[in-house]
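2 protein chains.
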Amino acid sequence: MIVETFSTGDEIRSGTVIDTNAANIAQTMEEEGIEVVRHSCVGDNIKSIESVLREIGNRADVGIVTGGLGPTKDDVTSESAANAAGVKIVANPDAMKSVEDFFTSRNRDISESNRKQGMLPEGSECIYNPVGTAPGFQMKIGKCVFFFIPGVPFEMEKMLKDSVLPKIKDLKGISNKIHMVRTLVTFGLPEASVNERVSGLDAKFSDLKLGLRAKFPEIHVKLYAKGENKNKIDEQIESAISWIKEKLGDRILSTNNRSMEEVVGELLKNRNETIALAESCTGGLVSHWLTNVAGSSHYFLYSGVVYSNKAKINVLGVSSETINAYGAVHEETVKEMASRAREISGATYGLSTSGIAGPDGGTYEKPVGTVCIGLATKNDVKGYRFNFTYGGRRDMNKRIFAMTALEMLRMELLEIPDKERDLRRR
Amino acid sequence: MIVETFSTGDEIRSGTVIDTNAANIAQTMEEEGIEVVRHSCVGDNIKSIESVLREIGNRADVGIVTGGLGPTKDDVTSESAANAAGVKIVANPDAMKSVEDFFTSRNRDISESNRKQGMLPEGSECIYNPVGTAPGFQMKIGKCVFFFIPGVPFEMEKMLKDSVLPKIKDLKGISNKIHMVRTLVTFGLPEASVNERVSGLDAKFSDLKLGLRAKFPEIHVKLYAKGENKNKIDEQIESAISWIKEKLGDRILSTNNRSMEEVVGELLKNRNETIALAESCTGGLVSHWLTNVAGSSHYFLYSGVVYSNKAKINVLGVSSETINAYGAVHEETVKEMASRAREISGATYGLSTSGIAGPDGGTYEKPVGTVCIGLATKNDVKGYRFNFTYGGRRDMNKRIFAMTALEMLRMELLEIPDKERDLRRR
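These protein sequence lines map, in sequence, to chains A and B. The numbers in our numbering rise by one with no breaks, and the one at position 66 of the first sequence is 66. The numbers in our numbering rise by one with no breaks, and the one at position 347 of the second sequence is 347.
Hints in this document: simulated from the structure, not taken from any laboratory. Just so you know, not all the hints are guaranteed correct.
Claimed, not checked - Calculated lysine-lysine pairs in the DSBU-like style (CA-CA distance at most 30 Å, straight line):
{"id": "1", "chain 1": "A", "residue 1": "Lys215", "chain 2": "B", "residue 2": "Lys245"}
{"id": "2", "chain 1": "A", "residue 1": "Lys169", "chain 2": "B", "residue 2": "Lys378"}
{"id": "3", "chain 1": "A", "residue 1": "Lys116", "chain 2": "B", "residue 2": "Lys177"}
{"id": "4", "chain 1": "A", "residue 1": "Lys204", "chain 2": "A", "residue 2": "Lys230"}
{"id": "5", "chain 1": "B", "residue 1": "Lys158", "chain 2": "A", "residue 2": "Lys366"}
{"id": "6", "chain 1": "B", "residue 1": "Lys310", "chain 2": "A", "residue 2": "Lys222"}
{"id": "7", "chain 1": "B", "residue 1": "Lys73", "chain 2": "A", "residue 2": "Lys215"}
{"id": "8", "chain 1": "A", "residue 1": "Lys47", "chain 2": "B", "residue 2": "Lys209"}
{"id": "9", "chain 1": "A", "residue 1": "Lys73", "chain 2": "B", "residue 2": "Lys310"}
{"id": "10", "chain 1": "A", "residue 1": "Lys47", "chain 2": "B", "residue 2": "Lys177"}
{"id": "11", "chain 1": "B", "residue 1": "Lys310", "chain 2": "A", "residue 2": "Lys310"}
{"id": "12", "chain 1": "B", "residue 1": "Lys222", "chain 2": "A", "residue 2": "Lys47"}
{"id": "13", "chain 1": "B", "residue 1": "Lys161", "chain 2": "A", "residue 2": "Lys73"}
{"id": "14", "chain 1": "A", "residue 1": "Lys73", "chain 2": "B", "residue 2": "Lys247"}
{"id": "15", "chain 1": "A", "residue 1": "Lys140", "chain 2": "A", "residue 2": "Lys161"}
{"id": "16", "chain 1": "A", "residue 1": "Lys47", "chain 2": "B", "residue 2": "Lys204"}
{"id": "17", "chain 1": "A", "residue 1": "Lys215", "chain 2": "B", "residue 2": "Lys158"}
Build out the structure end to end from the sequences listed, making use of the hints.
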C-alpha cells in the first residue's frame with residue numbers, strides 16, 4: 001500500500017509554520033506498520049493543490065491531506081479536490097451537522113463563513129470533527145483514496161486516530177501481522193553516543209528495527225517489531241530492552257515512552273513524597289513541565305520563581321550574605337534556595353536552579369550555559385554545576401537546565417549513589 | 001522564478017525527525033522576496049530521489065535539496081543526482097579538499113567512509129562546507145539549477161546563507177521588486193471572526209495580499225506587499241494597518257509580530273514598573289513565557305507557583321478563611337493571591353490564576369476550563385472569571401488561561417477602561 005501525505009497552506013509553504021503534521025502522520029502510520037513514502041506541500045492555491053492531488057491520485061493508494069478546510073477564503077482545499085475529481089461543491093448534511101454541533105455544544109452562534117464549511121465535493125463522505133469547526137472528508141481521485149482533515153494539529157491528530165486510521169486499516173485488508181513500537185526515552189548522552197552504543201542491535205535481533213529520534217534534550221530509542229506471533233514479538237522486545245539497558249544503563253528514563261516529568265511524578269507518587277522548587281534561570285519551566293502531568297497536585301507543592309536577587313532574599317529567605325559572598329549562580333546559593341523551598345512548603349525535596357540562559361549576562365568564569373542546581377533532602381543538601389554550550393540560545397538553555405534539574409531529582413529518587421550522578425562522566 | 005525544496009532521508013520521511021529545513025529555507029527565501037512554491041520529501045532511496053529530481057527538473061528554475069550527503073551507505077543523494085542527470089560519480093578535487101580541511105583543522109584522521117564524500121556527479125560544482133564533513137554541490141538537471149546541501153540544520157543554514165543564497169540571487173538577476181511582510185498578532189477573537197472583520201481588505205488595498213494564521217491561542221493577520229516603490233508600499237501597509245485597527249481595535253496585541261510576553265514586557269519596561277505572579281492552574285507557564293524574553297529580569301520579580309492550598313496559605317499568605325469560604329477557584333481567592341504576590345515581592349502589579357485545567361476536577365458549577373484571574377494594582381484589586389471549552393485538554397487550557405491572565409495585565413497597562421475588558425463581549 002502506497003501512502004503519501006500532502007500539507008496545504010501558505011503558512012507551511014512559506015515556512016512560517018513548521019510542518020509537524022506530516023511527521024506526526026508518518027509516525028502514526030509507522031506504528032501500524034504502514035510506510036508513508038512521500039510528503040508534498042504547496043500553498044493556498046487552487047491550481048497548485050489540484051495539480052498535486054492529480055499527481056498523488058496517479059501514484060498512491062492512500063493520500064492524507066491536511067489544511068485548507070477553514071472558514072476563510074484562503075481555505076480552498078475542498079474546491080481544489082472537487083476540481084481534481086471533476087465534481088461540484090455541494091451542501092453536505094453530515095458536514096453541516098458537524099459544524100452546527102460544534103457551535104451548539106458551545107452555546108455559540110454559527111457565522112456565515114462557518115456555514116461554508118458544510119459544503120463538500122459532491123460524492124465525498126464527511127469525516128466528523130468533534131473538536132473543531134472544520135469537518136473532514138474522504139473521496140477518490142484517480143486510483144487513490146484521499147482523506148482530507150484540518151491542519152490544526154490537535155484536530156488533525158484526533159481525526160487521524162479516531163476516523164482516518166481505522167478506515168485505512170480497512171482498506172489495507174485484514175492482516176495477521178502484528179506491529180509494535182516501543183519507545184525508550186534517554187537523557188544525558190548525545191545522539192551519536194547513543195547510536196554507537198546500540199548500533200549492534202539490528203544484527204543481534206533480526207526481527208526488530210531500530211530508530212533513533214532526537215527530541216531535544218531527550219534522545220528516543222525506538223524498537224519496531226513486525227510478526228504474527230505476539231508472544232514471540234514481546235519476548236524479542238523484552239530481550240532487546242535488557243540488551244539496551246546494558247549499553248545505556250541509567251541514561252534510560254523510561255522504556256514505555258514516558259517523559260521525564262511523568263517518570264519523576266510517578267516516583268514521587270509511589271514514594272508518597274512531595275517536591276517544592278526554587279527556580280531562577282528556568283523561570284517556571286520546571287514547574288510548568290511537572291504540572292503538565294494530570295494529578296501532579298498530589299506531589300507538586302510549590303515553586304518560587306525567584307528571578308531577582310530581591311525575591312531570592314525577601315520572598316524565599318535566602319540570606320543576602322550568601323548571595324553577596326558567592327553571587328546568584330553558585331552551588332552555595334542554590335543549596336540555600338533548595339533548602340528554603342523545602343522548608344517553607346513542607347515538601348520532602350527542595351530543587352533549585354540558578355544559571356545564565358543567555359543570550360547576554362555571561363562572564364569568563366560563568367559563561368552563558370552555566371547552571372547550578374541545588375537539591376535538598378531530609379538529611380542533606382547538594383549543589384551541582386554544569387556548563388552547556390548551545391551558542392547562547394536562551395530557549396534551549398532553559399530546556400536543558402530544567403531537564404538536568406529533574407534528572408538530579410530522578411537520580412535521588414532512584415537512590416543512585418552520589419558519585420555516579422555526574423552527567424559529564426558518562 | 002520558481003523555487004522548490006526537496007528533503008531527502010528516512011528520518012524525515014518516517015517522521016522520526018520533523019523537517020525544519022524546508023521551513024527554514026522558505027523563510028530565508030521569503031526574506032529575499034523569493035517565494036518557495038512547493039516542498040517534497042522522500043526517503044533514502046535512489047529511485048525515489050532520482051524520480052523527484054526529474055520532476056522538479058521539469059517544473060522549477062531552482063531546487064534546493066537537503067540530506068543524503070553523509071558518509072554512510074544510506075546516503076545516496078549524489079548517486080541519485082548523477083542518475084537523474086545521466087552522468088557518473090567522479091572524484092571532485094574541491095570536494096575532497098573540503099572534506100580534508102574539515103578533518104585537518106580538527107586534528108582528526110580522515111576515515112575511508114568520509115573519503116566517499118569527495119565523490120560528486122561529473123560536471124557538478126562543489127559547495128564548500130566549512131562546518132561539517134559533507135561538501136555540497138550545484139548542478140543542472142532538466143531546466144532546473146539544483147543546490148545540494150547537507151541535512152544537518154546548522155550546516156544547512158550556514159551553506160544556504162553563505163553560498164546558495166548569493167548564487168540564487170545571481171540567477172534571479174537584478175530586480176527592483178521589494179517584498180514585505182507585516183504580521184499583526186491578535187488575541188481574543190476566533191479565526192472566523194477575525195476573518196469576517198478584515199475580509200474587505202483585499203478589495204480596498206489592491207497591492208496587498210492578506211493571510212490569516214492560527215497560532216493557538218493567537219490569530220496572526222499577515223499583510224504581504226510587492227512593488228517597486230518602497231515609500232508607496234510602506235504607505236499602503238500603514239493605511240491597511242489603520243484600517244485593520246478600526247476593525248479589530250484592542251484585540252491587536254502588536255503590529256510587528258511581537259508576542260504577548262514581549263508586548264507586556266515592553267509596556268512594563270517603558271513604564272518602569274514590575275510584575276509578580278501567583279500561579280495555581282497555569283503551573284508556572286506565565287512565568288516561563290515572561291522569562292523567555294531576554295532582559296525580563298528588569299521587570300519580572302517573582303512568581304509563586306502555589307499549586308496546593310497549603311502553599312497558597314503558608315507560602316503566599318492567602319487567608320485560610322477566604323479559601324474555606326470561597327474555594328480555590330474563585331474571584332475572591334485570586335484577588336487575595338494577586339495582592340499577596342504584589343506585597344511580598346514589592347512589585348507594581350500582582351497577577352494570579354486559579355482554575356481547572358483538567359482533564360479531571362471539574363464540577364457542574366466550575367467545569368474544566370474555568371479560570372479565575374486576579375490583578376492587584378497600587379490602588380485596586382480586580383477579579384475575573386472565564387470559561388473556555390477545549391474539551392478537557394490540559395495543555396490547551398493552561399495556554400489559554402496563561403494568555404488570558406497576560407491579556408488582563410496588558411489591558412491594565414494600556415489603561416483600557418474596566419468595562420471594556422470583558423473578552424466575552426467582543
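Outcome of the hint check:
A threshold of 30 Å between alpha carbons decides the hint, and for Lys215(A) with Lys245(B) the separation of about 40 Å lies outside it, so the pair is violated. Pair hint Lys169(A) plus Lys378(B) does not hold up; C-alpha atoms about 62 Å apart against a cutoff of 30 Å. Taking the CA atoms of Lys116(A) and Lys177(B), the gap is about 36 Å. The hint is violated against a cut of 30 Å. Under the criterion of a C-alpha separation no larger than 30 Å, the hint pairing Lys204(A) with Lys230(A) is consistent with the structure, at around 19 Å.
Note on Lys158(B) and Lys366(A): the hinted pairing holds, with a Cα-Cα distance of about 28 Å set against a maximum of 30 Å. Between Lys310(B) and Lys222(A) the CA atoms are separated by roughly 41 Å; this puts the pair beyond 30 Å, and the hint is violated. With a C-alpha separation of about 25 Å, the suggested pairing of Lys73(B) with Lys215(A) holds against the 30 Å cut-off. For the suggested pair Lys47(A) and Lys209(B), the alpha carbons sit about 18 Å apart, so the restraint of at most 30 Å is met.
For the hint linking Lys73(A) to Lys310(B), the alpha-carbon distance of about 52 Å lies beyond 30 Å, and the restraint is violated. For a cut-off of 30 Å, the pair hint linking Lys47(A) to Lys177(B) stands: about 25 Å separates their Cα positions. As the CA atoms of Lys310(B) and Lys310(A) are separated by approximately 24 Å, the hinted pair is consistent with the 30 Å bound. A hinted pair counts as satisfied when its Cα atoms are at most 30 Å apart, and Lys222(B) with Lys47(A) qualifies at roughly 22 Å.
Distance check on the hinted pair: Lys161(B) and Lys73(A) sit about 35 Å apart at the alpha-carbon level, beyond 30 Å; violated. Proximity of Lys73(A) to Lys247(B) is assessed by CA-CA distance (about 18 Å); at most 30 Å being required, the pair is judged to hold. Taken as a hint, the Lys140(A) and Lys161(A) pair is honoured in the structure, with Cα atoms around 20 Å apart against an allowance of 30 Å. The suggested pairing of Lys47(A) with Lys204(B) holds, with an alpha-carbon distance near 25 Å, which does not exceed 30 Å.
Of the supplied pair hints, the one linking Lys215(A) and Lys158(B) holds, its CA atoms being roughly 22 Å apart against a limit of 30 Å.
When the structure is compared with the earlier hints, violations turn up for hints 1, 2, 3, 6, 9 and 13 and for no others.
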